[in-house]
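*Asks:* So the chains spell out like this:
There are 2 protein chains.
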Amino acid sequence: MTNPTAAILVIGDEILSGRTKDKNIGWLAEELTKLGISLCEARVIGDEKDVIMAHVTHLSDAYDYVFTSGGIGPTHDDITTQSVAAAFELPVIRHPDAEARLLRHYEGTDIEFNEARQKMADVPDTASLIDNPVSAAPGFKIKNVHVMAGVPSILQGMFATFSHTLTGGVQPTRITIQCAIGEGSIAEIMSNIAASFDGVSVGSYPWFKPGQFGTAVVLTGLDKDKVDKAASQLEALVREGGHDAHRDLDNSTFT
Amino acid sequence: MTNPTAAILVIGDEILSGRTKDKNIGWLAEELTKLGISLCEARVIGDEKDVIMAHVTHLSDAYDYVFTSGGIGPTHDDITTQSVAAAFELPVIRHPDAEARLLRHYEGTDIEFNEARQKMADVPDTASLIDNPVSAAPGFKIKNVHVMAGVPSILQGMFATFSHTLTGGVQPTRITIQCAIGEGSIAEIMSNIAASFDGVSVGSYPWFKPGQFGTAVVLTGLDKDKVDKAASQLEALVREGGHDAHRDLDNSTFT
Numbered sequence: 001m002t003n004p005t006a007a008i009l010v011i012g013d014e015i016l017s018g019r020t021k022d023k024n025i026g027w028l029a030e031e032l033t034k035l036g037i038s039l040c041e042a043r044v045i046g047d048e049k050d051v052i053m054a055h056v057t058h059l060s061d062a063y064d065y066v067f068t069s070g071g072i073g074p075t076h077d078d079i080t081t082q083s084v085a086a087a088f089e090l091p092v093i094r095h096p097d098a099e100a101r102l103l104r105h106y107e108g109t110d111i112e113f114n115e116a117r118q119k120m121a122d123v124p125d126t127a128s129l130i131d132n133p134v135s136a137a138p139g140f141k142i143k144n145v146h147v148m149a150g151v152p153s154i155l156q157g158m159f160a161t162f163s164h165t166l167t168g169g170v171q172p173t174r175i176t177i178q179c180a181i182g183e184g185s186i187a188e189i190m191s192n193i194a195a196s197f198d199g200v201s202v203g204s205y206p207w208f209k210p211g212q213f214g215t216a217v218v219l220t221g222l223d224k225d226k227v228d229k230a231a232s233q234l235e236a237l238v239r240e241g242g243h244d245a246h247r248d249l250d251n252s253t254f255t
Numbered sequence: 001m002t003n004p005t006a007a008i009l010v011i012g013d014e015i016l017s018g019r020t021k022d023k024n025i026g027w028l029a030e031e032l033t034k035l036g037i038s039l040c041e042a043r044v045i046g047d048e049k050d051v052i053m054a055h056v057t058h059l060s061d062a063y064d065y066v067f068t069s070g071g072i073g074p075t076h077d078d079i080t081t082q083s084v085a086a087a088f089e090l091p092v093i094r095h096p097d098a099e100a101r102l103l104r105h106y107e108g109t110d111i112e113f114n115e116a117r118q119k120m121a122d123v124p125d126t127a128s129l130i131d132n133p134v135s136a137a138p139g140f141k142i143k144n145v146h147v148m149a150g151v152p153s154i155l156q157g158m159f160a161t162f163s164h165t166l167t168g169g170v171q172p173t174r175i176t177i178q179c180a181i182g183e184g185s186i187a188e189i190m191s192n193i194a195a196s197f198d199g200v201s202v203g204s205y206p207w208f209k210p211g212q213f214g215t216a217v218v219l220t221g222l223d224k225d226k227v228d229k230a231a232s233q234l235e236a237l238v239r240e241g242g243h244d245a246h247r248d249l250d251n252s253t254f255t
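So the protein sequences, as listed, match chains A and B.
Number 54 in this note's numbering belongs to position 54 of the first sequence; there are no gaps in the numbering.
Number 84 in this note's numbering belongs to position 84 of the second sequence; there are no gaps in the numbering.
Keep in mind that the hints were calculated from the coordinates and are not lab data.
Do not take every clue at face value.
A pair holds if it fits inside one copy or across any two, identical chains being indistinguishable in the list.
What the hints assert, rightly or not - The list that follows gives simulated cross-link-like pairs (lysine to any residue, SDA-like), each with its CA atoms no further than 20 Å apart:
hint, residue 1, residue 2
1, K21, D131
2, K209, D110
3, K141, R239
4, K23, P152
5, K21, S153
6, K209, S191
7, K224, W27
Keep in mind it's a predicted model, so treat the numbers as computed, not measured.
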C-alpha cells in the first residue's frame with residue numbers, strides 16, 4: 001500500500017522576513033493526511049521568478065501533487081502566475097471566465113476593475129480555474145500544480161472547492177500512547193516495536209509541564225490492525241516496566 | 001551591499017503529518033532578519049536518512065548558513081546526527097564534553113543515563129557543541145550547519161547561546177505605510193515606486209476586518225535613506241489620490 005505524494009510550496013518574502021507567520025503548511029498538512037495523501041516536503045521561498053520556476057519544476061516532477069500559496073494578487077510583487085507559466089513554458093492568457101467572475105464581483109461597488117485587478121484573471125494557457133468562494137479572484141490548476149492565494153482563509157476556501165477531486169489513498173491510522181515516563185527510558189521499547197512492525201512508524205514526542213513530564217508515543221501506519229497491535233504491545237511493555245501508559249483518545253483520530 | 005544568506009531545514013514527520021505545527025521557521029526568520037542575515041528558503045522534510053543527507057548537502061553548498069531543527073533526541077526516530085555526519089562523510093563520535101554535561105544533568109536524579117540517553121552525546125567528528133541551557137543535551141555545529149533541537153523553547157535557548165558568533169550584515173530598514181484603500185487601487189503607485197528605487201522591495205499586504213479594509217505597504221531595503229524616501233513618496237502619492245496613508249510605527253521597526 002502506498003499513498004499519493006505531495007509537496008507544498010509557500011511563496012512570499014513576508015514569510016522569509018518573519019513579518020508574517022505561515023499558517024498554510026500546518027493546515028494543508030492536516031487536510032492532506034486526512035485524504036490519505038502523503039505530504040513529503042514543504043518549502044518556503046521568496047518572490048523571485050527564477051527561484052519559483054526552479055522549485056515548481058522540481059516539485060512537479062518529484063511528487064503527484066504540488067500545492068502553492070501566495071503571489072496571485074493584483075500587485076507588482078505577485079509574480080506566481082507568470083513564474084508557474086514560465087516553468088511549464090506556457091504563455092499567460094487572460095481567462096474569459098475568470099474575467100467575468102471578477103467583473104461580477106466588482107459590479108455595483110465603487111471599486112474600479114482597473115488594469116491591476118484585471119491581472120487577477122490571468123492564468124497559464126490551458127490551466128483550469130480554482131474557485132475562490134471568499135474574494136472571487138480564482139486560483140488555477142496546471143498539470144499537477146494547484147496555485148492558491150496566500151491569505152489562509154482564502155486558501156482554505158479554495159482547497160475546499162477542489163479537495164474532493166484529488167485522488168486520495170488510505171487514511172493512516174494514528175494511535176497515541178501517553179506514557180508517564182521520559183522518552184530516554186523507553187527508547188529501547190520503542191525501537192524494538194518499530195523494528196518488529198514493518199510499515200508502522202513509531203514517533204516519540206516528549207512533553208514537560210511544571211512538576212510533570214512524559215512521552216507521547218505516536219504509532220502511524222496504513223494497516224489499521226497492525227498499528228493497533230503495535231500500540232497494544234508498546235502499552236503493555238511500558239506498564240510492565242512499572243509506568244502508566246494509556247491511549248490518548250484526543251490525539252488518536254484525525255477527525 | 002549584500003548580506004550573508006541562510007536556509008532553515010525543519011526535520012520531522014510530525015510536522016508533515018500536521019500533528020505538530022512548526023513554530024521554528026517564523027521565529028528564526030525574525031531573528032535572522034534582525035541580525036542582517038537573509039533567509040533565502042526554508043524546507044520541511046521527514047525523518048529519512050537519505051532525504052536529510054541530500055537536503056543538508058544542497059543547502060550547505062548553496063548558503064552561508066544552515067539552521068536545522070529536530071531529530072537529535074535519544075530515540076530511534078532521532079536520526080539527524082547520523083544523517084548530517086553521513087552528508088559530510090564523517091564518522092559519528094561520542095563527544096566527551098557532551099557526555100560529561102549529560103552525566104552532570106542526570107546525576108542525583110532517578111533518571112538512568114542509559115544507552116539511549118548516551119546517544120545524545122554523539123556528534124559528527126570535528127563538530128563543535130551548541131550549548132543547551134534548557135535540557136543539557138547539546139546541539140552541534142559542523143561546517144556551516146547548526147543542528148538544533150525541534151522543541152521551540154530549546155531551539156530558542158540554543159540559538160541565543162551562539163547567535164552573537166554569526167557574521168551578520170546590515171539590518172534591513174522596514175517601513176510600513178498603512179493605506180485606507182484596496183491594494184488593487186494603488187497597484188500602479190506601488191509598481192512605480194518599486195521601479196524607481198533600486199534595492200527597495202515594495203510588498204503589498206491587503207487586510208480585511210468587518211466593515212473595513214486596507215493595504216499595508218511594506219518597503220524594505222538595506223539603504224535606510226532610500227527606503228525612507230521611497231516610503232514618503234508612496235505615502236504622498238496615495239494621499240494625493242484622496243485616501244488616508246500613514247506610517248505604521250508598530251510595524252516599522254524590528255526591535
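*Asks:* Could you tell me which of the hints above the structure violates, numbers in ascending order?
*Replies:* 1, 3, 6, 7
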